[in-house]
Amino acid sequence: MRYSLLSLARKAAQGHRDWPQAWRSPEPKPHYDVVIVGGGGHGLATAYYLAKNHGVTNVAVLEKGWIGGGNTGRNTTVVRSNYLFPESAAFYDHSVKLYEGLSKELNYNIMFSQRGMITLAHTRHDLEAQRRWANAMRMNGVDSDLLSLEEMREQVPALDYSPSARFPVIGGFIQRRGGTARHDAVAWGYARAADALGVDIIQNCEVTGFDYDADGVQAVRTSRGTIGAGRVGLTASGHSTVLADRLGFRLPITSYALQAFVSEPVKPVLDKVVLSPATGVYLSQSDKGELVIGGGLDLYASYAQRGNLPTVETVVAGMLTMFPSFSRMRMLRQWAGIVDVVHDSTPVFGPAPVKRVYLNCGWGTGGFKAIPAGGWCMAHMIAKDEPHPLTAAFGLDRFAKGALIDEAAASGIAH
Amino acid sequence: MLLIHCPHCGPRDEGEFTCGGESHIQRPALSASAEDWAEYLFLRHNPAGVTYERWRHTFGCERWFNVARCTVSHRIEAVYAMTEAKPDIA
Ligand SMILES: Cc1cc2nc3c(=O)[nH]c(=O)nc-3n(C[C@H](O)[C@H](O)[C@H](O)COP(=O)(O)OP(=O)(O)OC[C@H]3O[C@@H](n4cnc5c(N)ncnc54)[C@H](O)[C@@H]3O)c2cc1C
Ligand SMILES: [Zn+2]
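Chain order of the listed sequences is A and B.
The first sequence begins at 146 in this note's numbering and counts up one residue at a time.
The second sequence begins at 466 in this note's numbering and counts up one residue at a time.
Treat the hints as calculated values from the structure; they're not laboratory data.
There may be inaccurate statements among the hints.
[Stated by the list, open to error] Chain B stretches covered by chain A per the calculated footprint, using a threshold of three residues with CB under 8 Å from any CB of chain A:
#1 521-531
#2 540-549
[To be verified] Cβ pair distances, simulated, as ranges:
#3 A:W211 <-> B:H510: 38 to 48 Å
#4 B:W502 <-> A:Q348: 56 to 66 Å
#5 B:H510 <-> A:G547: 30 to 40 Å
#6 A:S170 <-> B:H470: 46 to 56 Å
#7 A:W211 <-> B:G480: 47 to 57 Å
#8 B:P552 <-> A:M284: 22 to 32 Å
#9 A:R366 <-> B:H510: 42 to 52 Å
#10 B:P552 <-> A:K412: 35 to 45 Å
#11 A:R169 <-> B:S498: 29 to 39 Å
#12 B:P552 <-> A:V387: 41 to 51 Å
#13 B:R528 <-> A:E295: 21 to 31 Å
#14 B:I490 <-> A:T268: 50 to 60 Å
#15 B:R528 <-> A:H270: 44 to 54 Å
#16 A:R475 <-> B:S498: 17 to 27 Å
[Claimed, not checked] Covered by chain B, according to a simulated footprint, are these stretches of chain A (three or more residues, beta-carbon under 8 Å):
#17 383-394
#18 444-452
#19 537-547
Beta carbons: idealized from backbone N, C-alpha and C, even for Gly.
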């Protein structure tokens, strides 16, 4: 069913009682041409573009919990393409462009709000580094503008501009096309659109192993039985190395908890996304009025999806040095996701060492913004058995070649 | 929140320590291939279970030691010296 103002009015008149399910919950078939492991944004977008762009519809997305229940439903929803190197800029900007048309494409309101993403400058060195960074972005065809102190005061009046501030603000730069989107809606929108094209989305189905040999993968073993698979896409973020272990290869990934917080809802006070490189803290205000706050990683490897108190204290302290007026704000919720961190803060994307298995992982702290382009390029790679040009530099082979793409600064989060 | 038993100073709060990542990684011979160097530098075991890692008592005695810790429960199973072999933890 198409969502529209008319359908909304019609259902409202009937008391909203018989909206159809947004996607089916089918029993797994014995065999699929493509099995995607992990029903986060990347897995669901991959399935959608396989069907939409390549006509491959005999596809299952297997999710051990509920779709979007991993990092896709736990992130702080910042979308931007302010990366430094040409390879990253081309990829992430393709993603922002797809986000710009996504509500229409999926017939699902993902609430993409291009409110602008501001990075603060606290020192002369920050200013110099940002001049280079903003110019590199422009050279790569991505919008960016340096902001003077006066412009900063106008854009983000609530920041501490006093001379005694712990980290004085002296300028910054903005990507105006950056912003936020509704994370659940991205997962649900892709799921609904993929389902409509014939993709089976199978929740509560954990992949526990694989049948494979030198000729490649033949099947995935799951908590709901063995499912034959022509090709397998791995989109399991923080659990990617667990799956790689079951396929007999290793990945350059360490899993860490990354936390986020929301405050009680308050009146409009912040209409941009603001990041301080000094505190590692960034925040935005949701449409409901809650402040959405993120910070650095928890500092040791973890699969415990809850986060540790010392990091909470560091993040809150950082936020208060930026916005002292928030000191009486009550926090409503705190949570963590397990993120897949790579040495150079660039994804691991390409064919796996096992034939007909494909990797989409290593997003670390920043893969929500990458969902549309990640799905787009993953679908291309699976359908054509070759990397998409936009992700050709992200392969597993870059480590032995020494061709790392060090986006530590643009990843925006302290590691 | 971890309570870590520094072998030199006794039980201390996690905030006094720095985690140095996976331990027991052997440097390959100088003649090693590019693939072996990449493995040494970048590949990690990253288990969902017991991991063996280096920790430093940064805001204390400043010494390094090894910790066997479960990444799922965060339970510390063993603390042992840098030069000791991995303890066998079932
Ligand atoms: C607190 C926090 C804040 C963040 N903020 C931002 C941000 O502002 N902007 C940004 O761009 N990115 C951000 N990120 C990163 C972003 O959330 C992730 O990179 C992105 O969501 C990854 O999407 P995914 O589809 O690869 O993984 P996920 O959404 O994690 O999906 C993977 C799925 O695989 C499933 N799975 C795992 N193992 C198995 C198995 N064996 N069998 C079946 N299913 C399995 C999991 O249950 C999960 O649902 C943040 C992350 C966190 C945790
Ligand atoms: Zn000590």
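So, going through the hints one by one against the coordinates:
Residues of the region 521-531 of chain B lying with their CB closer than 8 Å to a CB of chain A number 0, which falls below the three-residue condition for coverage. Three residues within the 8 Å Cβ limit are the bar, and the region 540-549 of chain B against chain A gives 0, so the coverage statement is violated. With their beta carbons about 29 Å apart, W211 (chain A) and H510 (chain B) fall outside the hinted range of 38 to 48 Å. For the pair W502 (chain B) and Q348 (chain A), the beta carbons lie near 42 Å from each other, so the given range of 56 to 66 Å is not met.
Between H510 (chain B) and G547 (chain A), the C-beta spacing of about 22 Å breaks the proposed range 30 to 40 Å. At about 49 Å, the CB distance of S170 (chain A) to H470 (chain B) agrees with the hint of 46 to 56 Å. A hinted range of 47 to 57 Å is violated for the C-beta pair W211 (chain A) and G480 (chain B), which are about 35 Å apart. The hinted window of 22 to 32 Å between P552 (chain B) and M284 (chain A) is violated, with their beta carbons roughly 53 Å apart.
Taking the beta carbon of each, R366 (chain A) and H510 (chain B) are about 22 Å apart, not inside 42 to 52 Å as hinted. Between P552 (chain B) and K412 (chain A) the Cβ separation comes to about 56 Å, which falls outside the hinted range of 35 to 45 Å. Range check, R169 (chain A) to S498 (chain B): about 49 Å between beta-carbon atoms, so the 29 to 39 Å window is missed. For P552 (chain B) paired with V387 (chain A), a C-beta distance near 23 Å fails the hint of 41 to 51 Å.
Between R528 (chain B) and E295 (chain A) the beta carbon distance is about 51 Å. The supplied range of 21 to 31 Å is therefore violated. One distance hint, 50 to 60 Å for the beta-carbon pair I490 (chain B) and T268 (chain A), is violated here, with the actual separation near 36 Å. Checked against the hint of 44 to 54 Å, the C-beta distance between R528 (chain B) and H270 (chain A) comes to roughly 33 Å, which is inconsistent with it. Taken as a hint, the range 17 to 27 Å is violated for the pair R475 (chain A) and S498 (chain B), whose Cβ atoms sit roughly 56 Å apart.
Only residues whose beta carbon comes within less than 8 Å of a beta carbon in chain B count, and the region 383-394 of chain A has 4; three or more means the coverage holds. With a threshold of 8 Å between beta carbons, the proposed coverage of the region 444-452 of chain A by chain B holds, since 6 of its residues qualify and at least three are required. With 4 residues bearing a CB less than 8 Å from a CB of chain B, the region 537-547 of chain A meets the requirement of three and the coverage assertion stands.
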